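Those sequence lines, one after another, are chains A and B. Letter 262 of the first sequence, counting from 1, is numbered 262 in my numbering, and no numbers are missing. Count along the second sequence from 1, then add 643; that gives the number in my numbering.
These are calculated hints, taken from the structure and not from any lab test. The reader is advised that the hints may include incorrect statements.
Once the Cα atoms are required to be at most 20 Å apart in a straight line, the calculated EDC-like pairs of lysine to aspartate or glutamate come out as [to be verified]:
id, chain 1, residue 1, chain 2, residue 2
1, A, K422, B, E685
2, A, K415, A, D519
3, A, K415, B, E685
4, B, K802, A, E47
5, A, K63, B, E770
6, B, K802, A, D256
7, B, K691, A, D394
8, A, K23, B, E696
9, A, K25, B, E696
10, A, K25, B, D687
11, A, K23, B, E685
12, B, K784, A, D256
13, B, K691, A, D478
14, B, K784, A, D265
15, B, K802, A, D45
16, A, K255, B, E770
17, A, K422, B, D677
18, A, K422, B, D687
19, A, K23, B, D687
20, A, K125, A, E20
21, A, K571, A, D559
22, A, K411, B, E685
23, B, K784, A, E31
24, B, K802, A, D44
25, A, K63, B, D759
26, A, K501, B, D677
27, A, K246, A, D234
28, A, K415, B, D687
29, A, K125, B, D790
30, A, K415, B, E696
31, A, K422, B, E673
Keep in mind that this is a model prediction, so the values were computed, not measured.
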Amino acid sequence: MAKIIGIDLGTTNSCVAIMEGGKPKVIENSEGARTTPSVVAYSDDGEILVGASAKRQAVTNAKSTLYAVKRLIGRRFEEKEVQKDISLMPFRIVKADNGDAWVEVRGKKVAPQQVSAEVLRKMKKTAEDYLGEEVTEAVITVPAYFNDSQRQATKDAGRIAGLDVKRIINEPTAAALAFGLDKQLKKDTKIAVYDLGGGTFDISIIEMADVEGEKQFEVLSTNGDTFLGGEDFDQRLIDHIVTEFKKEQGVDLSKDVLALQRLKDAAEKAKIELSSSQQTEINLPYVTADASGPKHLAMKLTRAKFESLVDDLIEKTIEPCRIAMKDAGVSTKDIHDVILVGGQTRMPKVVDKVRELFDREPRKDVNPDEAVAVGAGIQAGVLKGDVKDVLLLDVTPLSLGIETLGGVMTKLIQKNTTIPTKAQQVFSTADDNQTAVTIHVLQGERDMAGGNKSLGQFNLTDIPTAPRGMPQIEVTFDIDANGILHVSAKDKATGKENKIKIQASSGLTEEEIKRMVKDAEAHAEEDRKTLELVNARNGAEALVHSVRKSLKEHGDKLDAGEKEKIETAAKEVEAVLKSENKTEIETKAQALAQAAQKLGEKIYAEQQAKAQPQGEQPQGEQPKKDENVVDAEFTEVKDKKTG
Amino acid sequence: MQEETVQPPESPSQPKSLEQQLAEAQAALEQQRDAMMRALAEADNARKRAQSEAQAARKYALERFAEDLLPVADALAAALESKDTSGIDLTLRQLKTALEKAHVSEITPAPGERFDPHRHQAMTAVESGQEPNTVVAVMQKGYALYDRVLRPALVTVAKSAADPISDKDLN
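If we strip away everything but chain B, and leave its shape as in the complex, we get (with noise of 0.2 Å):
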């Protein structure tokens, strides 16, 4: 009763009371509480779609490619049926073509060239008058998807005189 005879009636020029200002901060930080969440909900949400396309896009990356094997697969079929071999080099071609369009290259170093591990594998370390760790021969080629290693040349190494090799293989 006091209270109310004391305080003078609030006119809308005055200062916000504790409880309004509390209230409002309140609506403010469930508002910015919420706005969080939902960003929290949606980047979870853009990580799955994300996952599902890029499942899709795994599933027919081979598309393009296996496409341009077809007619490969066509010739040495031909090859077989007629019993005529003329036209291999051509279908070998066609092959080399389509992993060309693929990114595919080859890896054949040339003799003399520096054994690289990371894109050779040593078969062998042989007596030459090369110098040591230098490729001696291809035994078979490598092949590079883009830059990385699908399969290492498989290759012949000088053998340095002062390091005698172990017969023992890792693999």
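Chain A extracted, bound-state conformation (with noise of 0.2 Å):
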């Protein structure tokens, strides 16, 4: 069945969401970007041109480009936004015969419904381009404080697109959805959502309240400057370089196009930049060039310098959260969450200013440029029944594995597996003729089995006897619908099966499953030092092992003097092996392995087709040297593909 699918249409850049496998995911357009520009433009050719391109070729084609047309779309063109509009935009702003504001391009009278809908047009195509199949209906945000004439033109766009608009979602709403506020369990709760995107700024305070089982959104009051954005603050610090680089250099960057057009450029980079950095710099060889020569800009900017360029600007949103605050009757102690939208609110500057108002620390754990797009995807989801089914899909919020030889936890579902789901893997037996092993069944994430919550054991006895490695011992787990494990071995060769059923009510709470992660990461040092220990011992006791076993069958192919030094380096490892030195248990096999060369050397030379590969193994643990396997091969195919 066709998606449904979510649109920001938004005043500088629009963007476009979907439910995919119960999670909202924003789709890239044919450029490969995640916002598109919502500019259009009416090419001579009769090509219309939408999003980067439009933009690219405004230069030679003002009056037939056309951008911030939200601020037109069903408004009469009285208004003063439309008479305010007109002197500011290089296209022109015409009365329709109906008394609206329409736009004229190419001497042609177009509603800014059909400019929209071109905007719209690119957006399904971007969505039917990446699900393969035609997409005909859609969720359309809208500023909050939209009348109802705007809203209906907003829909009516839809319809000129080719979609069927199933709702149209105010922004705010959309950015609470997005992070998931509905699904609080708090009950009627008071949202500030502080939106900064590129070209424009609004505040809403909005209120979710339960009615009957259902989420229900009220705007209770917006404000906002529609002529503020993060272009402004981009151009503040173009105009603070081009300041300075006269001053240093005495030449004006702002005369020379390309100059600017580069420095355009690495200033949104910079301002990017130093939302995580303290300092950046701003590094333009060859800018510009004079009599004297060539020129070349490079400036130092630090946080603190961007912060005092766009300081006022920042101050301008303060007064009108203020303002809606007082329009919805509410103090910042009444607001219960604050969220980020837009991408200018990335700016650490604004974060604070936003939590000295609202003294509270604001959401911003959702991509602030996409929020509002994710949300009417998640409405979009939720009119499509989506959301619901997911909800079925349950996951092990620990790792579920067993002890190994060294007091080793070995992982075999690893934690976030989502249930029902099955993990097998093959073990072996740590010394000769051992007819028994226990299955000691653990959860928690930590690496050593003694940090891990024990969940029972079991033996699998009758095990014939065999060396070391050469038993195969099928450990496999299964977590069932309802949450039970079942853990089963099974001896291969003979058949003989042991198992135990762990019910999901000797589980955790949510308590320990939190303590649990937190502890294995403080402990994450610790069991990373006693991991390696361990495997060092068990690489050293492996190595002595297989020297003396081949010592037994092949000694005879070496003199004495040899075979001498190889049982004293073996001894040697034998005195370290309960020591606590890593280091030193390594230094002594290594010792032991150059010294059994010589008896490898004999044996492959006399019995090359006789080689073992058992007798290489130390724990016979094999999957984890099937693994090695793999990642070595694929290494070498990326290599050949690239290459």
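Using the supplied hints, reconstruct the complex from the two chains, each of which is provided in its own coordinate frame.
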């Protein structure tokens, strides 16, 4: 069945998302970008360009390149917002026969709905290219302050684009959905949505109420500034660099179109960089030239400097927030959540201001450029019924495994695996003629068995006597749909099997899970050291074992002196086996391996055909070895492909 | 009591009782439900694996390219240190080869070529004897990774006489 798509039809940029496998996904357009500029151009040969390509030809086609049409849609020509735009926009805004504000392009009157439809068509195509099927239904977002006629006009734009608009939702509501605020248990909560986008700023106070089990959102108040956004921040930075450069080098970069373009790109990058670091450097070699020769631009810029450049811009967002709260009849302590939307909210100073104003930590865990589209996608999924389906599947909160040689926890099922699921691994014995193994089932994230929770254990007996590493014991973990864990161990030689059933009820509480995950993180370093020590010990012990075995079988091929040397080295390894010093064990083991090389050479020379792979394997833990082999192959293939 | 006497003793050839049929159907249903749940869970786990694989692939995707850039950095440093720029040509060629190997190609439209906003960005429109909407000059080369434009070529475009250009800039 065809999907419903969620579209954030923005003033400067638009974005499309769908629900896929129960998760919202933002779709990249054909140029590889996750957001598309809401720019439409009508070229002289009749072609209609949308997005980045429309932006790129604006200089040569300014009158027929339309942007920020969202400010006009569904409005009367006389409205003051429209009148303000007339003097600002390079394209013509005209009065339609019905009194609405339209635009005039290449001598023809065009409704803003038709222009927006071109953007929507591009978003629809983006989704179709990804999904490989036609899309006919959509959820579109609009600003909370949009009136009925603006909403209807947006719906009509969808219709023109070939989309049945299933629902128009408010941008702040979509953002709240993206942050999962509808999943909270709190009953009636008030949320402030602070949206500082590319060209507009919106603040909304919304209330989420639980009406008979269904979450409903109501917009209590909105405010904002339709001419304030991230692009103003960029401009401040560009102006600053131009001024500084002029002071230092005496050249006005704003007169050089190429230099200015390079500067624009560099300024935007610097702005982004300063959100995560305290300082950045803008380097533009050969940025321009004068009579004296080429000029380079190299400028260090600190976060503090940038903040001082845009301080008043951030300050301008505060008053609308105060008014919105006043209009909603709430004070900061009534607000339960503050969420940040729009790319410019990545700037730490903006976050600080918002925190200061609302006296609480704002939420910013969803990509602010995409939050609105993601919320629209989630709403689309709810309408389709996609969202409910997913809740059926549960995951294992912690890893499950068994204890292996040296007290190591070997995981068979990793945490966060979706259940029901099954995992199988073959193990072997650690000693010669070992006839029984204990399967100790563990739960947790620690590398060492002792740090994890024991779920139960059982023995598998009557294993036929054999050298260590020979028997093959297949251990199976199976978690069924009810969360019950079935563990079985089977000796592949005899077919003898034993099993245990572990009820879900013997599992852990949410608290315990959190504690155990934290515990594992806290002990990660210590566990890693222990694990390395155990591995070194196991490896050394296995080496002694296999060398002794070969010595017994092939010792006659060596002279007494050589034999003596190997035996001494083996004894030295045994002496340090109990040591806590990993390096010591490894050094001695290496010495033994070197001493035993002579023996190996002799054996290989005379018995090449009889080489026994098993003899080389320390614990007979085959899956581990297999993994390594696959890894190596993977690198090989990759090398060949790209090289 | 009566029923027992009326009912003939069951023989193996007789059709199964309703209870038996129900039990079998229920067992079959349960089995199918389990199979379905397992398939769903497997799909979900496959998705998670694919995601972590994609993450790892992204993380190391640059490995080859980065390796090819190292000699370029070395050469530039050597040029600076020796104050001799005779090797710059060769270094640029090294860099170009690295870009080519990474499937990064230049976008350099020839003068007179039709302006293509998918690959070019118009910086200014100028009076020229050329056909309107054609490229007059390239100010800065563009680059594409496979078919995707990394950066458009910055060009000047021939003005069309009929449509006077406003000097207002979009950016």
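Structure-inconsistent hints, enumerated in ascending order: none
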